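Given chain A, work out where chain F should sit, using these hints.
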Amino acid sequence: MRLACLAFGLGLLAQIGLAQEIEVEAHRFYEGTSDSVVRVISTADLDVFEPFLLEFQRTRPAIGIDYTVTSSTELHRAMTQDHTFDLAISSAMDLQFKLANDGFAQSYRSSATDSLPAWASWRNLIFAFTSEPAVVVISRDDFVRQPKPVTRQDLIALLRENPARFQGRVGTYDVRVSGLGYLFATQEARASDAYWRLTEVMGRLDPQLYCCSAQMIDDVASGKLALAYNVLGSYAAQRIAEDDRLEILVLEDFSNVMLRTAIIPQSAQNVEYAGALLDDLLRAGMRDTPSAWVLPPLSDRRDPLPAAFGPIRLGPGLMVNLDQLNRRAFLDAWESGMEQR
Amino acid sequence: MITQTLSIGRRLTLLLGAIAALLAFLSWGMVSSFSGQAAARTQDNVLAASVATIAETLRSEQGTVRLELPYSAFAMLGAISEDRVFYRVSVAGETLTGYDDLRGGRIPEAPGEVLFDTLEYRGETVRMASISRVVLAGREGASVTVSVAQTRNGIAAVTAGLSRTAAVLSVAFFVLAAALSAIAARASLRPLNEIAQSVSRRGPSDLRPIRRPAPSELAPLMTALNRLMDRLGQSIRRSEDFITEAAHRVRTPLATVRAQAEIALHTVTGEEEKRSLRRVIRAVDESSRSAGQLLDHATVAFRAEDLDRSPLDLSDLTRAVVESLSPTAEMKDISFAVTTAPAAIRGDAILLQTALRNILDNAIKYSPPETTVSIQVTRAKAEVQVEICDQGTGLGAGPVAHLTERFKRGDNVEGVVGSGLGLTIAEEVMRAHNGSLTLRNMTKGGTGTCVLLVLPSA
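Just so you know, the sequences run in chain order A and F. Under the working numbering, the letters of the first sequence match residues 185 to 525, in that order. Under the working numbering, the letters of the second sequence match residues 57 to 514, in that order.
So that you can see chain A by itself, here it is in the shape it has in the complex (with noise of 0.2 Å):
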């Protein structure tokens, strides 16, 4: 059985790759008891996501899953090139909601999308169902005799009168090729002048650069990096559950807030199994009682992280950064700070 999903999986991974030239990072097909597969393209880890599809399928058996993980880059221009997939869902808010705003995503209503609080959907194209922070990750065994950085100032003051500490040590999203990475980055130097600072200063301390969040919590926890800046934290804290060595920062002066978020592309196939996998989402997303999953659900009050802005907002503002001329202008500056040597 394992190894017919596997020899299945792996045919469409050459499918895909032959036709269409995405480049996937894991594959895999959940069986159901009919023909009917509901073709998912997800940024979201597979060990995160299972859960939430194996519960679907508990209750919904007769349907199939197909289930591709992807840089939020690719996903969007798998959406922008004619690529089949029946339901979308990525971290990138801003590369999602240019889908929608664009035309690439089809409308969709259900009484899950009416119970959704008005901020987290638009124009019932585009649906949130986690409300997701930035956090810093730091290894505990180099902050031993060492006060914990509680704002951006801190850790900029600490970064600087520590460099032998933190040569080399430091992490934190390649903002080129993390569409994820890239949000964070435009949105928080929206938000404050400490950001530049921040990144002329790890600039300076030859920072790692990583496309995931994962592969930076692994070395953090592994000890090759001291601390990673703008973590995702439904995984950081996934991963502390099980690994001391770990711990999350909270950062007082302000924390960003994403929303994960879904459309159905215009070229969905399979419309109702897409719509009943997103109200599954949506209602995850609005539970109120703790569940073993790691994504966040939209409101949760016992997070202690201080969102004094909330979460970012979905509205054609994020349109702003995608500009080719903004994005330009970001990258050159974030090169120019990151990459002094």
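To be clear, the hints were calculated from the coordinates, so they are not data collected in a lab. Do not rely on the hints blindly, as some may be mistaken.
When the alpha-carbon atoms are kept at most 25 Å apart in a straight line, the in silico DMTMM-like pairs for lysine to aspartate or glutamate are as follows [what the hints assert, rightly or not]:
(1) A:Lys282 with F:Glu138
(2) A:Lys282 with F:Asp100
(3) A:Lys282 with F:Glu176
(4) A:Lys282 with F:Glu124
(5) A:Lys282 with F:Asp157
(6) A:Lys332 with A:Glu436
(7) A:Lys282 with F:Glu150
(8) A:Lys282 with F:Asp156
(9) F:Lys330 with F:Glu342
(10) A:Lys408 with A:Asp358
(11) F:Lys421 with F:Glu379
(12) A:Lys282 with F:Asp173
(13) A:Lys282 with A:Glu456
(14) A:Lys408 with A:Glu384
(15) F:Lys421 with F:Asp362
(16) A:Lys282 with F:Glu180
(17) F:Lys388 with F:Glu342
So the derived label-pair ranges between C-beta atoms look like this [what the hints assert, rightly or not]:
(18) A:Phe327 with F:Ala216: 45 to 53 Å
(19) F:Gly119 with A:Glu523: 25 to 33 Å
(20) A:Ser294 with F:Gly194: 15 to 23 Å
(21) F:Thr151 with A:Ser291: 25 to 33 Å
(22) F:Thr151 with A:Thr268: 26 to 34 Å
(23) F:Asn101 with A:Ser483: 31 to 39 Å
(24) A:Glu215 with F:Gly149: 50 to 58 Å
(25) A:Ser291 with F:Gly194: 41 to 49 Å
(26) F:Leu70 with A:Ser483: 55 to 63 Å
(27) F:Gly194 with A:Ala513: 14 to 22 Å
(28) A:Arg242 with F:Ala135: 41 to 49 Å
Nothing here was measured: the structure is a model prediction, and the numbers come from that model. Positions of the beta carbon are idealized from the N, C-alpha and C atoms, including for glycine.
Only chain F this time, still in chain A's reference frame:
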């Protein structure tokens, strides 16, 4: 019978209701149109602010046009509605950034001028604002056009919402106005109804002019009505006068004829001649009696119009009448049995005497010789009653109510001469005094007729 057309009240209500409906519809249309325009203007203003904000950040750097889209330029568009946003910045027609296929709008000539266009883009209607600015790039100035377009779902939703609210308000306004119209119609018709009621409440012979305040619209109708009644009254009076005159003129020569016949009766000796003369005398008597009744009738009609209401005692009056008729009764050997009680009333003595005389006259006429006519005056609570019963043949089997009508006589009067006016006169007198006259057959102690007069006591 008058053919009834649509009532004025309903006509007024319908007309006012139709006007209210028209006004409600117009106000709904106007509010909808204004709210649509206002929403559209709001969107235009925000779009204008957006393009102006973008245009302001245009600058030239090392000979090329540079632009950093301000966050606020798009955030402000998102603040008013969930509409899709498209934009394009072009330098001399070449797309610098944005959606390359967003074309078709007019290009503003004057710097700073904002032009608005409504066009189709990606399957939706969008409103687009464009502004032009000259940016010095190198030595020459380049004309840069900034266009920002937004779909119109937001204003459509706002307009639809306001239109719905306006529709609800218009319907409420209409319902209120219709109810008020009905009330207004009823209120303005009230004087007319009151006048109609006061006219229909009048007695059958009441021809006095209507004297009550009337709205100016009804005054001509009232005047015409009063004039008509006046003419009617005059014409009735003229005919009464004529009858009186005629009766007078007939009576005087009849008296002469009767006197001459009496003399002749005493002078002739032949039995045959005496019989014919007696027949002549009886016929003359009847004629003069009828003329008298006609005269009575005219008197009643005349005096009832402006009734004298002096205090008097009906018993005295009755006794006086009985007294005056005693000689006639004695001729037929008829006796009167009179019982009286004090009965104070208010009324016209002459009319009441006329009424009693006519009834007693009838009683004598229809009674066989050597019988008694009983007259009883009684008083009960607020009424005074006079009952006159004879021992004649009664009223016959036919209905009795119509016997008081003019010139109507009973079914069993063969052989007795009469005009049929007596009871009519008596009843008219009673009615003028707010009293009544009832006829019935005697039920116990043999045959006979009873006339019951009832009058309110003073």
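Requested in this report: Would you list, in rising numerical order, the hints stated earlier that this structure does not obey?
Outcome: Violated hints (numbers, rising): 15, 18 and 20; every other hint is consistent with the structure.
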